[in-house]
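Here the protein sequences come in this chain order: A and B.
According to our numbering, the first sequence is numbered sequentially starting from 8.
According to our numbering, the second sequence is numbered sequentially starting from 139.
No lab work stands behind these hints, which were simulated from the structure alone.
In this text, all values refer to a predicted model and were calculated from it rather than measured experimentally.
In this text, a Cβ means the ideal position worked out from N, Cα and C, and glycines have one as well.
A couple of the hints might just be wrong.
Ranges between beta-carbon positions, derived for each pair [what the hints assert, rightly or not]:
| # | chain 1 | residue 1 | chain 2 | residue 2 | range |
| --- | --- | --- | --- | --- | --- |
| 1 | A | 73 | B | 213 | 24 to 32 angstroms |
| 2 | B | 359 | A | 355 | 54 to 62 angstroms |
| 3 | B | 291 | A | 110 | 38 to 46 angstroms |
| 4 | A | 75 | B | 494 | 49 to 57 angstroms |
| 5 | A | 318 | B | 275 | 30 to 38 angstroms |
| 6 | A | 72 | B | 356 | 50 to 58 angstroms |
| 7 | B | 480 | A | 186 | 44 to 52 angstroms |
| 8 | B | 527 | A | 368 | 54 to 62 angstroms |
| 9 | B | 457 | A | 72 | 29 to 37 angstroms |
| 10 | A | 39 | B | 524 | 43 to 51 angstroms |
| 11 | A | 75 | B | 505 | 34 to 42 angstroms |
| 12 | B | 275 | A | 360 | 35 to 43 angstroms |
| 13 | A | 184 | B | 275 | 25 to 33 angstroms |
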Amino acid sequence: MLFLAQFLNSEVVDSAQQTIGKLVDLLATNTEAGYAPVTAIVVKEAGTKLQRVIPFSYVANLGKDEVVLKTLLKNIEPRDVATNDIFLYRDILDKQIVDVEDRRVVRVNDLQFGIVNNKPHILGIDISTRGIFRRIGVDKIPPFNMFKPKFIDWQKVQVVGGSLKLNTLSKELIKLHAADLADIIEDLNPRQSESIMKSLDTDTAAKVFEELDDEFRHYVMKLLDPKRAGFILSRLPVDELVDYFQTIPKKESKKLMSALDDVKKKAVQKFLQYEDDTAGGLMTTEVIRVEPNWTVGKAIGLIKQVSESHRSISFIYVIDDDGILQGVVSLRRLLVNKDEEKLKDIMKFVDEDQTVNVETEVEDIAEMMTKYNLSSVAVMDEKQRFLGIVTVDDVMQHLIPDA
Amino acid sequence: MGPGLITATADNDSGGIATYAVAGAQFGYSLLWTLIPVTILLVYTLDISTKLGVMTRQGLAALIREKFRIRLTLMLLVLVLLANFGTTVSEFAGILSSFRIVSVDLHLNAGKIPWGTILETIAVIASGVIVWAFIVKGSYKRVEKIFLTLVLFYIAYIISAIMAKPDWNAAMTGLVVPTMQFDSSYLFTMVGLIGTTITPWMYFYHNATVAEKGISEEDLKYSRIDAWIGSIVTDVVAFFIVVASAATIFAHKLVVTTIDDIGLSLVPIAGQYAGYLFAFGLFNASLFAAAILPLSTAYTICEALGWETGIDLSFEEAPQFYSIFTGLIVLGALVVLIPGAPLLMIMRVSQVANGILLPIFMVYLLLLAQDEKLMGKYALKGPVLWFGWASGAVLIVLDILLFVAPFLHIGG
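Take these sequences, add in the hints, and give me the full structure.
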């Protein structure tokens, strides 16, 4: 097995056995898929600051103590550094990298190479203690050799930061759950977090933003340029916006609120008056409201139409002209009933004991949910008009904020 | 209020209290002036630590690993482990001493059954268990709150000092007029005073706490103010400890060598309560630092080497992390309890490790602080940076003096 630690500081000689200098870095090309090929070596001339980037095609033998070139130094044409080049020593070794499979941030102790199609490629990163000992040259000596190396496949990692421009994030990374992405972003340094947040599409970025810890939300917001920050904010549901604005200074929230459209702004402002541990502060108003006389078909049509803008839909809420909640209809009931059936005939009535008002505290809501096995409760104002719902997620989020 | 105040408070640990008390007992008010440059240096360095934490959101150990690479990092970690182990031992020794002051004063060992020794043993073991449970079972936020409340107990020293009826005029003169005695014991105490205040582990702890908070650049100023206030509070407390022992032990020309002696000497001179308050303060400080030190050591090592960290992970997920802090606590408490354990040797090795570590650490810290890639517009430059290097140089000279002095027999 070949490792980066073995090549660093090796002597580089040309075909006439003339010493050119020491190998100080390897360049690999970042590819969207597969293993990254090593494309050049960086050689530092002894006693000077001069560093040459020598294309790998000139390398005759990459040995553990000596690197031999195919021709004389004067025949070598150094190449420039391209935008998709990764400096393995400068940017990868000892730095943090995202382990996409295990959804965490790891530190690179060594890099493992292998020959693919006659060319050296990076096969994996070594994150083990063995890798550390290899770096200082004692990995074969007892007791240091009792540690096993642990590799992560190069195709399962995401390089962030360095000089590398993150044009594309690995598909694997984007596929991760927003909560995992948020955890990863919290573990990275500011430049890396920024680079990921910038590379995500706005919808994913908004979902990730929701999942960030309170103290990081504002931090990440500040890393982004105002335009993108505005985009992300406008994608957030009202209750998440309210949550966020509650944690930041008034002056800030005023500034950020200008990115929202008027309807959302009004809704947010209304919510901001409620305490965050009451039903008013926890509730979401983004629920599907329907009228008692609608048919099942019409309701399903509406769901199809607005589904995009709702996080999840399990019930629709039947509201009369006075804004009073008449009942709820589950998706299941909609599915099993005929299209022409009227909602008022299939809806389930909501017991007044199983609703809360804006001032009900989170503990009481949790108790009610447990007692009646509810996944959400309706929130009423003082005139018993329907305002929104508090879901079990909202409650859990409040009770166990660090999860 | 946050990391700065907590760190600075943990800084006045048992070693700190012992050094301050001995300084006052042996040299009266004459060493007080060193507290002023020490405070300036503490403000300066904790300020750097704050800026690094906010700007990079990485712990110092991680930054050192990325900039200075594996060899220099490992070297530093070995020193950190040695130094911090010794310091942890001294925290448990501080817990033991605080109970000894009480048990000796009450003659608990006078009867057939050595109740005093039993009490001390139980106290050390219980403290170890409490500290460990604190770390494993408590959420960090709760632990932090408890620590912040404990900060208030430092008032014990201020009351102790006032009860000792010191000569305030002499104290103020000692504080503002620098004096110098060129004998080895004076120099030793002076370097000890600096060394116990400017300790590497505290920057690792402080920086990690700041980094973890996710403070935005705009709120940097609040964190900086927090660090400044913390530094000043540390040395105000130090001032009162020096004054308390100067007014009593030095004024009565008593000869003391250990911290137990100091606590006990306070009893006849300033009254039983002053002695007990002193013991209580010592206990509190030692317990506080005994919790932070092993935790900070585990974080530092694991972060640098890329091992999983965090009390929210299980033992299986973060075995090295748990092993390090548990090992430090268990060994730290055991060394203090086992009769004939090489307590003195461990303390010496730790002092030497700390002595070598401090200048190296200062160099690392300043190199990080002047790195524009990390610090952005907050990178140190110009006179502010020169001040850092100059202070670093002074520290190195004092350090060398400390090591060389025993061989040269300066001043006897």
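Hints and how they fare:
1. 73(A) - 213(B): 24 to 32 angstroms: holds, 28 angstroms
2. 359(B) - 355(A): 54 to 62 angstroms: holds, 55 angstroms
3. 291(B) - 110(A): 38 to 46 angstroms: holds, 43 angstroms
4. 75(A) - 494(B): 49 to 57 angstroms: The hinted range 49 to 57 angstroms is violated for residue 75(A) and residue 494(B), with Cβ atoms some 42 angstroms apart.
5. 318(A) - 275(B): 30 to 38 angstroms: holds, 35 angstroms
6. 72(A) - 356(B): 50 to 58 angstroms: Holds, at about 52 angstroms.
7. 480(B) - 186(A): 44 to 52 angstroms: holds, 50 angstroms
8. 527(B) - 368(A): 54 to 62 angstroms: holds, 57 angstroms
9. 457(B) - 72(A): 29 to 37 angstroms: holds, 36 angstroms
10. 39(A) - 524(B): 43 to 51 angstroms: holds, 48 angstroms
11. 75(A) - 505(B): 34 to 42 angstroms: holds, 36 angstroms
12. 275(B) - 360(A): 35 to 43 angstroms: holds, 38 angstroms
13. 184(A) - 275(B): 25 to 33 angstroms: 29 angstroms Cβ-Cβ, so the 25 to 33 angstroms window holds.
Comparing the model with each earlier hint shows a violation of hint 4 alone; every other hint is respected.
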